[in-house]
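J.: Heads up: the sequence lines are chains A and B, in that order.
Take the first sequence: its position 111, counting from 1, is numbered 111 in the UniProt record's numbering, and each next residue is one higher.
Take the second sequence: its position 109, counting from 1, is numbered 109 in the UniProt record's numbering, and each next residue is one higher.
Among these hints, one or two may not hold up.
[Unchecked claim] Derived lysine to any residue pairs resembling SDA-like cross-links, with alpha carbons at most 25 Å apart:
1) B/K161 / A/N183
2) B/K122 / B/F62
3) A/K161 / A/L145
4) A/K161 / B/D108
5) B/K134 / A/S19
6) B/K130 / A/K130
7) A/K161 / A/D108
8) A/K130 / B/S12
9) A/K130 / B/S17
10) B/K161 / B/V143
11) A/K118 / B/C169
12) B/K122 / B/L46
13) B/K161 / A/F60
14) B/K58 / B/L90
15) A/K161 / B/Y77
16) B/K71 / B/V143
17) B/K161 / A/W166
18) A/K58 / A/K118
19) A/K130 / A/F88
20) B/K122 / B/I43
21) B/K118 / A/V184
22) A/K118 / A/F60
23) B/K130 / A/S30
24) B/K58 / B/L46
Hint data in this document are derived by calculation from the structure and do not stem from the laboratory.
Protein chains: 2
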Amino acid sequence: MAVFERLAHLCSATESSLSSNLFLSPPFHSFTIFLLELSSSPIPPLLSPSPSFTPIEKTFNFDIPVNDPEKDAFSIYYGDQQVIIGGFVLFFPNYSTFLGKPGFYVEDLFVRECYRRKGFGKMLLSAVAKQAVKMGYGRVEWVVLDWNVNAITFYEQMGAKVLPEWRICRLTGDALQAYQNANV
Amino acid sequence: MAVFERLAHLCSATESSLSSNLFLSPPFHSFTIFLLELSSSPIPPLLSPSPSFTPIEKTFNFDIPVNDPEKDAFSIYYGDQQVIIGGFVLFFPNYSTFLGKPGFYVEDLFVRECYRRKGFGKMLLSAVAKQAVKMGYGRVEWVVLDWNVNAITFYEQMGAKVLPEWRICRLTGDALQAYQNANV
Numbered sequence: 001m002a003v004f005e006r007l008a009h010l011c012s013a014t015e016s017s018l019s020s021n022l023f024l025s026p027p028f029h030s031f032t033i034f035l036l037e038l039s040s041s042p043i044p045p046l047l048s049p050s051p052s053f054t055p056i057e058k059t060f061n062f063d064i065p066v067n068d069p070e071k072d073a074f075s076i077y078y079g080d081q082q083v084i085i086g087g088f089v090l091f092f093p094n095y096s097t098f099l100g101k102p103g104f105y106v107e108d109l110f111v112r113e114c115y116r117r118k119g120f121g122k123m124l125l126s127a128v129a130k131q132a133v134k135m136g137y138g139r140v141e142w143v144v145l146d147w148n149v150n151a152i153t154f155y156e157q158m159g160a161k162v163l164p165e166w167r168i169c170r171l172t173g174d175a176l177q178a179y180q181n182a183n184v
Numbered sequence: 001m002a003v004f005e006r007l008a009h010l011c012s013a014t015e016s017s018l019s020s021n022l023f024l025s026p027p028f029h030s031f032t033i034f035l036l037e038l039s040s041s042p043i044p045p046l047l048s049p050s051p052s053f054t055p056i057e058k059t060f061n062f063d064i065p066v067n068d069p070e071k072d073a074f075s076i077y078y079g080d081q082q083v084i085i086g087g088f089v090l091f092f093p094n095y096s097t098f099l100g101k102p103g104f105y106v107e108d109l110f111v112r113e114c115y116r117r118k119g120f121g122k123m124l125l126s127a128v129a130k131q132a133v134k135m136g137y138g139r140v141e142w143v144v145l146d147w148n149v150n151a152i153t154f155y156e157q158m159g160a161k162v163l164p165e166w167r168i169c170r171l172t173g174d175a176l177q178a179y180q181n182a183n184v
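Can you make the complete structure from the sequences, with help from the hints?
T.: Below is the structure:
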């Protein structure tokens, strides 16, 4: 995704930085990931299902087989059954004082290239929206680059509005570190 | 704040909606508020201090007394001592897969009108930045309306950058509720 957004020079995540901050808390109350798991036969039920979420299952029929050159690198095994990770959505709660309600903020929505244009992105984002409704939350929000016309069209088709007036402010790097010893 | 942003028609928070979602978890790991408490004499220490945060104290000298017509409505009492709430900042953790690190997202920064232009806004936002550095977080982010030139200047003076290309996407109201029974 960083490459697509022309922002790879800003991407400094590592396996250890990811694992030290993710997968530490129950779903929905902090950083949460829905994984897109793909298999040509039904995926067996989880051995330790989460009490707060039932995996969503859906059958897709493809006209032609998908050629996934990185299939093995993105596979996990449920017993003997190979399951391919096709994408993910990472989201977490946010809060609106206007609504007086929490919502979800979607940080990343990603489908691996060979699985695009098949409805998986819509499935992942819809799953977040459905969970937000289930929890009584008031909004689902995310950001998009203003030149990414395809993404904007896709989001608008899903019912989202692009807000023209708001801009993101970011304090990071040395400018943030300067506050370490600030006499606040 | 809703009035200033010309968005009062979108503001539907109530006392009960606020209290049912805020003040429920320890600071910093979910929705967190720093309150600006003002008093003409030193504020006594908390009876139950938080192990994760020491209140920041600062002495300000005003040239002329502040006329606060809503003083009593915004007061709390520490024993006999009247303490005025002058503003607040509401923030919560976010997560960047680019950095592989959490950050803080600032939802609201508000100083009551009669206490503005005295450095309190800077104090509140700096306190969030300082806490982010303390926790090893990578960013502090918030949003601003593109016509709010005074706010943008203030934020830039604090070291923040305004990102020109990103736009917020929002799924809310009926468009969100439509996902309740969606066949995801």
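J.: All hints are to be evaluated individually against the structure, with a verdict given for each.
T.: Hints, verified against the model:
Of the supplied pair hints, the one linking B/K161 and A/N183 holds, its CA atoms being roughly 22 Å apart against a limit of 25 Å. For the suggested pair B/K122 and B/F62, the alpha carbons sit about 16 Å apart, so the restraint of at most 25 Å is met. As the CA atoms of A/K161 and A/L145 are separated by approximately 14 Å, the hinted pair is consistent with the 25 Å bound. About 22 Å separates the Cα atoms of A/K161 and B/D108, which keeps this hinted pair within 25 Å; it holds.
Taking the CA atoms of B/K134 and A/S19, the gap is about 20 Å. The hint holds against a cut of 25 Å. Restraint check: the Cα-Cα separation between B/K130 and A/K130 comes to about 36 Å, which exceeds 25 Å; the hinted pair is violated. A C-alpha spacing of about 18 Å is found between A/K161 and A/D108, which places the hinted pair at or below 25 Å, so the restraint holds. With a C-alpha separation of about 22 Å, the suggested pairing of A/K130 with B/S12 holds against the 25 Å cut-off.
This hinted pair checks out: A/K130 and B/S17 have alpha carbons roughly 21 Å apart, not beyond 25 Å. Between B/K161 and B/V143 the alpha-carbon distance is near 11 Å, which keeps this suggested pair within the 25 Å criterion. For the hint pairing A/K118 with B/C169, the CA-to-CA distance comes to about 22 Å; that is within 25 Å, so the pair holds. Of the supplied pair hints, the one linking B/K122 and B/L46 holds, its CA atoms being roughly 24 Å apart against a limit of 25 Å.
About 44 Å separates the Cα atoms of B/K161 and A/F60, which puts this hinted pair outside 25 Å; it is violated. Simply put, B/K58 and B/L90 have alpha-carbon atoms about 20 Å apart, close enough for the 25 Å limit, and the pair holds. Using a Cα cut-off of 25 Å, the hinted pair A/K161 and B/Y77 is violated, with the two alpha carbons roughly 44 Å apart. About 29 Å separates the Cα atoms of B/K71 and B/V143, which puts this hinted pair outside 25 Å; it is violated.
At roughly 14 Å between alpha-carbon atoms, B/K161 and A/W166 fall within 25 Å of each other, so this suggested pair holds. Our distance criterion of 25 Å between C-alpha atoms is met by A/K58 and A/K118, whose separation comes to about 12 Å. Simply put, A/K130 and A/F88 have alpha-carbon atoms about 16 Å apart, close enough for the 25 Å limit, and the pair holds. Restraint check: the Cα-Cα separation between B/K122 and B/I43 comes to about 21 Å, which is no more than 25 Å; the hinted pair holds.
At roughly 13 Å between alpha-carbon atoms, B/K118 and A/V184 fall within 25 Å of each other, so this suggested pair holds. Proximity of A/K118 to A/F60 is assessed by CA-CA distance (about 8 Å); at most 25 Å being required, the pair is judged to hold. Under the criterion of a C-alpha separation no larger than 25 Å, the hint pairing B/K130 with A/S30 is consistent with the structure, at around 22 Å. At most 25 Å may separate the alpha-carbon atoms for a hinted pair to count; B/K58 and B/L46 meet this at roughly 16 Å.
Comparing the model with each numbered hint stated earlier shows that hints 6, 13, 15 and 16 do not hold.
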